[in-house]
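> Here is what each chain is made of, one letter per residue.
2 protein chains.
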Amino acid sequence: MASPLKVGIAGLGTVGASVVRLISEQRQALALRCGRPVEVVAVSARSRGKDRGIDMRKLRWVADPLKLATDPGIDAFVELIGGEGNPARAAVTAALKAGKPVVTANKALLARHGIELATLAEKRGVALNFEAAAAGAIPIVKTLREGLAGNSVQRVYGILNGTCNYMLTRMEREKLSFEECLKEAQRLGYAEADPSFDIEGHDTAQKLAILASLTFGVRVDPGAIYVEGITSITTADLEAADQLGYRIKLLGVAVKTEQGIEQRVHPTFVPKDSAIAQVMGVTNAVTVDAEGIAPITLVGPGAGGMATASAVVADIADIARGVRAAPFGRPQGKLIVSKKAPMQRHEGGYYIRMLAVDKPGTAATIAKRLAQHNISMESIVQRHSGPPAGGAEKASGPVPVILITYATTEDAVRKALAAVQRDRVISGRPQLIRIEKN
Amino acid sequence: MASPLKVGIAGLGTVGASVVRLISEQRQALALRCGRPVEVVAVSARSRGKDRGIDMRKLRWVADPLKLATDPGIDAFVELIGGEGNPARAAVTAALKAGKPVVTANKALLARHGIELATLAEKRGVALNFEAAAAGAIPIVKTLREGLAGNSVQRVYGILNGTCNYMLTRMEREKLSFEECLKEAQRLGYAEADPSFDIEGHDTAQKLAILASLTFGVRVDPGAIYVEGITSITTADLEAADQLGYRIKLLGVAVKTEQGIEQRVHPTFVPKDSAIAQVMGVTNAVTVDAEGIAPITLVGPGAGGMATASAVVADIADIARGVRAAPFGRPQGKLIVSKKAPMQRHEGGYYIRMLAVDKPGTAATIAKRLAQHNISMESIVQRHSGPPAGGAEKASGPVPVILITYATTEDAVRKALAAVQRDRVISGRPQLIRIEKN
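Chain order of the listed sequences is A and B.
Per the numbering used here, the first sequence starts with residue 1, numbered consecutively.
Per the numbering used here, the second sequence starts with residue 439, numbered consecutively.
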């Protein structure tokens, strides 16, 4: 059998320790699958003495991750430090420059410096693998990079953040408010103390940037993505969605349009019978729409030590087997620059919830404004809080008006709603959620 | 750019024609992804003159597929003839012997002669790719062969036959009988004139044999699989499943047990909230349970010209990129022989539906027999056709008794039911459907 692949791992948190354990447990199977053994020979982490539940005796300790990255005793470098800056960036750069293949789970690093690192990997002819950086254990990077190589993909979209999906699931099932749910999620460890990176959509955007690049050959650029989080979602929206045959999911969507590749992250109405709508709790999922065939959906765990580690080990196995693909699926020089999607030109259906002043003619005013902007309504529901007391319609508190539009442009919807607000027939700001058809 | 990969295709049915079209349409993207162009240069099929909607002028015609397989003008051979025998088998064998990588969508050929062909491919150091042979466009072969290389998989199961799932879906939704539904499926082209290969589970078994080999390293052998089709499923079963929180799916299941790898195909109760239960119509799906992580499920089109062609083109792209994996994930000599799963030792929950003689003590008799075989009941429902007329319980026609057991062995269930039959408290044979927990 060929000589073993000697691996160095920088970063021994939950994921790093799981990688060490998995490679040791799967030693035999990995050797069979790769045609050569895979061995972790050296590690680097912040504190040496910490008990990680793994046998450290056989692992050479290298205090400085940058030293480990270029260590002549390793054949491949695994970066599990995290963060877009140093030492992660410097270590990955050093490893690639030294001609060592790299595996990383670091979405922030790839989203920010992916092109630069891919260029380096290409120049040195080594692999830069990052299956774990988007959707955890789901083999979506490999699927987009290699598995659907022959397809013309029109759209890729997914649930890429477990925290948000967990919260939306509990809000829907238990009719909890966003704030209550967030507290619960924090208490149970499903949300960070500072949850803004997750709930405001930025985590999803980083992962989407990677998937969009693999799918459409655009340069990774989270700055090109329109981002909207889930903080404005209320139980009223979730109930309305349910009644209308939808669920609300925070989606990352990248889609081919006449204006180029539109990339966006926002709460989305998805039809209840779609595969993506079935995905509950912390689970992730990605759907790929390719020309001429029914959608392909991959569902699985998006985070967690073992889930992430399993993707990392698959990446290492590819290196052991000598497989090397262009990091983003095509030569770096052939990646195209994607401009930020002009959301005004986004086309699709919309869910709109407003609090209408309860007086005669309100519905007619709203309908007129929509018609003036060529927006067709699929449905409109106006809910009075109770039956009018005296038989005749009379002014009382504001009542919710919920409507679903047929496909239109964001620009038209925004303008129509601005007009409705100027008409003073609604109170407060309307809620607007985009609909994604399957 | 490197020299093009020259491809020869034998078999120009719907799939073959779609492959030619896809490669031509995706020429640029494929070249970028593979680092070299991919070109179909020669074809072979039964009738030369037939209009296939593709431009045949640039394609060299080779009447004999065996000649094409060893044609010095091609770098890779694509077999889309079908069938386990010749000319498909002879052509693939000839190509591999000539040192040419092969792509095939032929599950029957692989199920029957997979080991022999894999051995040849290994000997000559060339690829034998067959993504399209199981679950169509779903990249499950690649996922099992490469994507989950680091995982210890405990179980793989899936909906692998679109005809059966289409029929079960319509039976459930429209309360159609099996016979009505089959006629409808035949009329619409979702079932063959002779549907037995599909509805009796043999198509699923061939695909399962391939997936089990990739997952567990057992030698491909449909003969090692317990096979039961869907012909005994009634609307009564589907309704009972619905009320009990399940759906009925024809699953192919391969699972690691203490007795070795158990491989089985049978109608199955799956929990309604499982990803697999959401899969309706002709769609296929495969779930992989790996140690320590939540299940991963891949959902997508399992058949159809374009879906199959897309998997074939992905396989061709891997060859163009120079990727070669052991056909069944590990060296052929390391594949283990799997004995036929002894179903008596199968462990799991069961759904049992019987027609009980409507007289006092029947439920007690059934309960006693189950208890004698150490079977615990999760639920038992006895349905009288109407309220007893005179207030007192009295003998009338048989009434359905539906019960769900906790995990037990097939042996115990069979023996308990035989005893119940000997007690003459039920009429006809009991219906027995295995439950697969997620």
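These are calculated hints, taken from the structure and not from any lab test.
A virtual CB, placed ideally from N, CA and C, is assigned to each residue, including glycine.
Possibly wrong hints are sitting among the right ones.
To be verified - Below, in silico cross-link-like pairs of lysine-lysine (DSBU-like), each with a Cα-Cα straight-line distance of 35 Å or less:
| # | chain 1 | residue 1 | chain 2 | residue 2 |
| --- | --- | --- | --- | --- |
| 1 | A | LYS256 | B | LYS561 |
| 2 | B | LYS710 | A | LYS272 |
| 3 | A | LYS97 | A | LYS6 |
| 4 | A | LYS183 | B | LYS613 |
| 5 | A | LYS183 | B | LYS621 |
| 6 | A | LYS272 | B | LYS621 |
| 7 | A | LYS256 | A | LYS123 |
| 8 | A | LYS6 | B | LYS561 |
| 9 | A | LYS437 | B | LYS853 |
| 10 | A | LYS123 | B | LYS621 |
| 11 | A | LYS175 | B | LYS710 |
| 12 | B | LYS710 | A | LYS437 |
| 13 | A | LYS359 | A | LYS256 |
| 14 | A | LYS437 | B | LYS621 |
| 15 | B | LYS561 | A | LYS272 |
| 16 | B | LYS694 | B | LYS561 |
Said to hold, decoys possible - Okay, the calculated bits of chain B under chain A, using three or more residues with CB under 8 Å as the criterion:
| # | region |
| --- | --- |
| 17 | 550-563 |
| 18 | 585-595 |
| 19 | 661-672 |
| 20 | 737-748 |
> So, against the hints stated earlier in the document, which numbers end up violated here?
Hints 1, 4, 5, 9, 10, 13, 15, 17, 19 contradicted; others consistent.
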